[in-house]
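For the sequence shown, the working numbering begins at 427 and goes up steadily by one.
It cannot be assumed that every hint is accurate.
[Said to hold, decoys possible] Derived pair list, reagent style DSBU-like, types lysine-lysine, alpha-carbon separation capped at 30 Å:
| hint | residue 1 | residue 2 |
| --- | --- | --- |
| 1 | 535 | 632 |
| 2 | 481 | 616 |
| 3 | 617 | 632 |
| 4 | 579 | 544 |
| 5 | 586 | 632 |
| 6 | 616 | 527 |
| 7 | 535 | 582 |
| 8 | 527 | 515 |
| 9 | 632 | 527 |
| 10 | 623 | 454 |
| 11 | 454 | 481 |
| 12 | 515 | 623 |
| 13 | 579 | 542 |
| 14 | 579 | 623 |
| 15 | 632 | 579 |
| 16 | 454 | 535 |
| 17 | 454 | 515 |
| 18 | 481 | 515 |
| 19 | 586 | 542 |
| 20 | 632 | 481 |
| 21 | 582 | 542 |
| 22 | 454 | 617 |
| 23 | 582 | 544 |
| 24 | 616 | 586 |
| 25 | 544 | 481 |
| 26 | 623 | 481 |
The set of hints was computed from the structure by calculation and includes no laboratory data.
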Amino acid sequence: MLQELTEHYGAFFEDALLQEINQVGVFKEVPEGYTLINIGQYVNSMPLLISGAIKVLREDNDGNELLLYFLERGDTCAMTMTCCLGQTKSEIRAVAETDAKLIMIPIQKMEEWTGKYKSWRNFVFQSYHNRLHEMLETIDNIAFLNMDERIMKYLKDKAKIEQGNTIATTHQQIAYDLHTSRVVVSRLLKKLETMGKIELHRNSIKVISPETM
């Protein structure tokens, strides 16, 4: 585990902190679709993402979900940190978007390291900043973008995570993540295909030149 820690976090954390993480952290591998954190659950550890991707969702009173943001390698979830430090129940659901490797940090170490290690303190503050930016971006998308633009952004984000331009997904899954109907998604995907922005295939979508969009 120390080798993977050094590879992904060596540029950010002091050697002494890396050693402590190696001693107290719990290495975990989870498959795609695995629920790491559920709404209403008390959180007793914080994840450091070594590989893969995690999607963070909110849920309304009717059980409808809305995608807030994705976590990628080197990230952690600010909402998880808030729940840990405040010892409150989680208000989000975190689900593995792909197979993922994580290191779970015990709750009691988080506050201790904030005072002990400058690099950890900077990491925590930067994580809060990044997640807040992504939350504001999500709000802007809902408030200011048309649904076809939201779908296009969603597909570009997924393509970035999967490091390619072909995304394995269904119209129904997109509808779940964007809190809309499958009929609307199917209609707008067809429109985007007609515009030459995507190609539709069975259970997959190809994004045309995602890096330039």
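Legend entry - Given pair status - residue 527, residue 632, alpha carbons within 30 Å: Within the cut-off at roughly 26 Å; holds.
Inset, instruction - Please work out if residue 582 and residue 544 have their alpha carbons no farther apart than 30 Å. - result: violated, 35 Å
Legend entry - Satisfaction of hint between residue 623 and residue 579, Cα-Cα up to 30 Å: holds, 11 Å
Legend entry - Restraint status (C-alpha distance of residue 586 to residue 632 at most 30 Å): Roughly 12 Å between the alpha carbons, so the hint for residue 586 and residue 632 holds.
Inset, instruction - Mind checking the alpha carbons of residue 623 and residue 481 for me, to see if they're no more than 30 Å apart? - result: holds, 24 Å
Inset, instruction - Could you grab the alpha-carbon distance between residue 454 and residue 481 and see if it respects the 30 Å cut-off? - result: Cα-Cα ~17 Å, so holds.
Inset, instruction - Sort out whether residue 535 lies within 30 Å of residue 454, counting only the CA atoms. - result: Holds, because 18 Å separates the two Cα atoms, which is no more than 30 Å.
Legend entry - Holds or violated: residue 454 to residue 617, with C-alpha atoms at most 30 Å apart: Judged against 30 Å, a Cα distance of about 41 Å means the pair is violated.
Inset, instruction - Take the C-alpha atoms of residue 616 and residue 527, compute the straight-line distance between them, and say whether it is at most 30 Å. - result: Distance of about 35 Å is beyond 30 Å: violated.
Inset, instruction - Take a quick look at whether residue 535 and residue 632 sit within 30 Å of each other, Cα to Cα. - result: Violated, because 43 Å separates the two Cα atoms, which is more than 30 Å.
Legend entry - Pairwise hint evaluation, residue 515 against residue 527, where the allowed Cα distance is 30 Å at most: holds, 24 Å
Inset, instruction - Starting from residue 579, check that the Cα of residue 544 is at most 30 Å away, please. - result: Roughly 35 Å separates the two Cα atoms, so the pair is violated.
Violation of the numbered hints given earlier is confined to hints 1, 4, 6, 7, 10, 12, 13, 19, 21, 22 and 23; the remaining hints are satisfied by the structure.
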